[in-house]
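K.L.:
So the sequence lines, in the order shown, correspond to chains A and B.
Throughout the first sequence, residue numbering follows my numbering, covering 1 to 471 in sequence.
Throughout the second sequence, residue numbering follows my numbering, covering 1 to 92 in sequence.
Incorrect hints may appear among the rest.
Lysine to aspartate or glutamate pairs mimicking EDC-like chemistry, simulated, CA-CA at most 16 Å apart [unchecked claim]: (1) B:Lys15 - A:Asp85; (2) B:Lys15 - A:Asp263; (3) A:Lys130 - B:Asp80; (4) A:Lys130 - B:Glu83; (5) A:Lys126 - B:Asp82; (6) A:Lys126 - B:Glu83; (7) A:Lys50 - B:Glu73; (8) A:Lys50 - B:Asp63; (9) A:Lys335 - A:Asp279; (10) A:Lys161 - A:Glu222; (11) A:Lys130 - B:Asp82; (12) A:Lys50 - B:Glu62; (13) A:Lys316 - A:Glu329; (14) A:Lys166 - A:Glu352.
Listed next, with one range per pair, are the computed distances between beta-carbon atoms [as the list claims (entries may be wrong)]: (15) A:Asn67 - B:Glu21: 50 to 60 Å; (16) B:Ile8 - A:Gly184: 51 to 61 Å; (17) A:Pro270 - B:Lys35: 47 to 57 Å; (18) B:Leu56 - A:Pro196: 31 to 41 Å; (19) A:Pro196 - B:Asp22: 42 to 52 Å.
Note that these hints are calculated values from the structure, not bench results.
In this text, a Cβ means the ideal position worked out from N, Cα and C, and glycines have one as well.
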Amino acid sequence: MQYEMVAGFETHVELATNTKIFCSCTTQFGADSNTHCCPICIGLPGVLPKLNRQAVRYAIMAGLATNCHIANISKMDRKNYCYPDLPKAYQISQYDKPLCENGYIQLSNGRKIRLNRIHIEEDAGKLIHKRGDTYVDYNRGGVPLIEIVSEPDIRSVEEAKEYVEKLQQIMRYIGVSDCRMQEGSMRCDVNVSVRPVGSTELGTRTEIKNMNSITFIGRAMEYEFARQVDLIESGGEVEQQTLRYNDAENTTSPMRGKEDANDYRYFRDPDLVTISVTDEEIEELKAKIPELPFEKVERYVNELGLSEKDAANIAKYRNIAEFFEAASEGVKNPKSVSNFIIGQIFRRLETEEDKENFDIKTTPEQLCELVKLIEAGKIKNNLAKSTLEKMLDTGKPVTEFVSESDMAGLDENALAELCKKAVESNPKAVEDFKKGKQKAVKSLVGFVMKESRGKADAAAAEKIIIEIIGG
Amino acid sequence: MVTREDVINIARLSKLYIAEEDLDEMTKAMADIVKFADTINNASEDGVEFDNINNLSNAFREDEVVPSYDRDEILSNANDTDEGHFLVRKRV
Chain A
1 MQYEMVAGFE
11 THVELATNTK
21 IFCSCTTQFG
31 ADSNTHCCPI
41 CIGLPGVLPK
51 LNRQAVRYAI
61 MAGLATNCHI
71 ANISKMDRKN
81 YCYPDLPKAY
91 QISQYDKPLC
101 ENGYIQLSNG
111 RKIRLNRIHI
121 EEDAGKLIHK
131 RGDTYVDYNR
141 GGVPLIEIVS
151 EPDIRSVEEA
161 KEYVEKLQQI
171 MRYIGVSDCR
181 MQEGSMRCDV
191 NVSVRPVGST
201 ELGTRTEIKN
211 MNSITFIGRA
221 MEYEFARQVD
231 LIESGGEVEQ
241 QTLRYNDAEN
251 TTSPMRGKED
261 ANDYRYFRDP
271 DLVTISVTDE
281 EIEELKAKIP
291 ELPFEKVERY
301 VNELGLSEKD
311 AANIAKYRNI
321 AEFFEAASEG
331 VKNPKSVSNF
341 IIGQIFRRLE
351 TEEDKENFDI
361 KTTPEQLCEL
371 VKLIEAGKIK
381 NNLAKSTLEK
391 MLDTGKPVTE
401 FVSESDMAGL
411 DENALAELCK
421 KAVESNPKAV
431 EDFKKGKQKA
441 VKSLVGFVMK
451 ESRGKADAAA
461 AEKIIIEIIG
471 G
Chain B
1 MVTREDVINI
11 ARLSKLYIAE
21 EDLDEMTKAM
31 ADIVKFADTI
41 NNASEDGVEF
51 DNINNLSNAF
61 REDEVVPSYD
71 RDEILSNAND
81 TDEGHFLVRK
91 RV
């Protein structure tokens with residue numbers, strides 16, 4: 001029998017606020033343990049939590065960017081459970097009145113992954129298990145989170161990866177989170193079940209907790225899919241449970257018996273008053289949401305003539321998209337701008353983080369100037385490429401490296417002269433070419449380019465050289 | 001209805017130990033408490049905005065950092081600490 005995967009995501013995203021959700025301690029990452037704490041975030045009795053206005057704003061923006069309905073009235077609830085990462089023995093979260101509801105993320109195959117809700121809550125502390133004891137650091141305790149809950153609409157690992165990437169891109173674009181999975185500022189719980197292809201019923205699901213890498217999410221889902229199919233095929237039944245993914249072995253193993261919503265004994269937090277958001281405030285926040293990556297891709301393809309792939313590569317990072325747009329200002333063919341970015345500039349940005357930061361010396365205006373000189377026929381492509389390297393190394397404008405006389409190019413006589421010289425000085429290459437080795441002509445062209453310090457038109461030079469040899 | 005099993009479950013969730021011989025009394029006490037709380041269901045809901053009885057809303061804080069407490073002070077009430085951490089005995 002053929003089976004299909006059914007998956008849903010609960011994604012926790014740390015908000016980029018300066019302070020925690022209920023107190024004024026900093027949210028900065030990487031400090032010494034328990035140095036970003038106060039009586040509120042270590043849960044001492046008698047303290048009064050006070051909601052961070054910016055956390056609410058960010059959550060609403062996240063909702064707006066994912067097509068959610070924003071609730072005018074919302075509230076905070078206590079979710080009770082006993083575990084050392086939670087000093088109050090309850091987490092302040094939202095239960096039946098979340099801030100955002102009924103959104104969706106559209107995938108490239110056209111399918112919509114529905115979002116059930118986005119709510120705000122506090123992060124828990126960090127536990128380190130060593131020497132048989134548990135060491136607790138509450139720096140992360142009380143950092144504002146949004147939890148984005150999808151419906152079980154995902155049908156494959158590819159869809160899952162795209163879903164997570166899209167969320168990540170959107171949240172970064174609107175500036176509500178840096179979504180660094182390796183630092184834990186974005187974490188996913190994945191619900192997986194299987195069912196015979198064609199069936200519309202949902203199978204029993206398992207939940208794989210706390211995944212912090214897109215690669216691992218893919219592997220864990222594949223493993224879990226195969227495990228469940230095997231179980232059913234061999235006459236067994238999938239048991240509803242919470243699993244941990246073990247990346248070293250690429251397996252999943254049970255964590256703890258999942259508590260029911262009932263067991264959390266949710267009730268309204270009496271310390272925190274109602275959150276009321278007016279339509280005007282929602283409109284105000286809507287105005288702050290920039291053009292989103294998928295909207296940019298569409299515009300780049302339809303209006304600027306980029307390929308789908310290049311457009312996606314540029315639009316993926318907000319800094320790069322903004323650089324590209326500024327550098328394309330007044331340019332006839334923005335595709336040459338994107339070629340320089342993807343071809344040459346990307347080579348200098350090794351990691352995702354490098355691309356995210358896009359810390360390069362050249363300004364968009366400088367690249368724009370270079371491309372305009374090419375379009376005006378003043379600089380040949382080869383010279384432009386080597387010049388861009390120098391510009392990127394130094395941050396200086398094109399005019400520092402290319403003089404007026406360089407821009408004038410070579411006249412026909414000079415070019416013919418150089419081609420002749422190339423043929424005379426490289427008998428071996430000429431011979432190779434005559435024997436049918438087409439590539440040999442490239443080294444002759446290279447000679448011309450070198451002699452002319454990049455001023456020559458490579459295509460014209462090749463034509464002339466072939467004529468000389470042939471004649 | 002509150003059953004003995006409910007009381008056992010709630011005690012488990014709260015990491016409380018209740019002796020077998022106290023269970024009946026606890027169950028009865030719990031039932032009385034729930035019954036008392038149920039009184040609220042008799043209240044009229046007309047004109048009440050879900051559960052916002054005091055009509056307060058939006059007590060917000062601005063997102064400005066205030067220095068945190070000294071770590072020694074933060075850890076001063078802990079039963080046990082090590083290397084700047086709260087120390088919790090391994091849970092079985």
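K.L.:
Among all the numbered hints in the text so far, which are the ones the structure does not match?
P.N.:
7, 9, 13, 16, 17, 18
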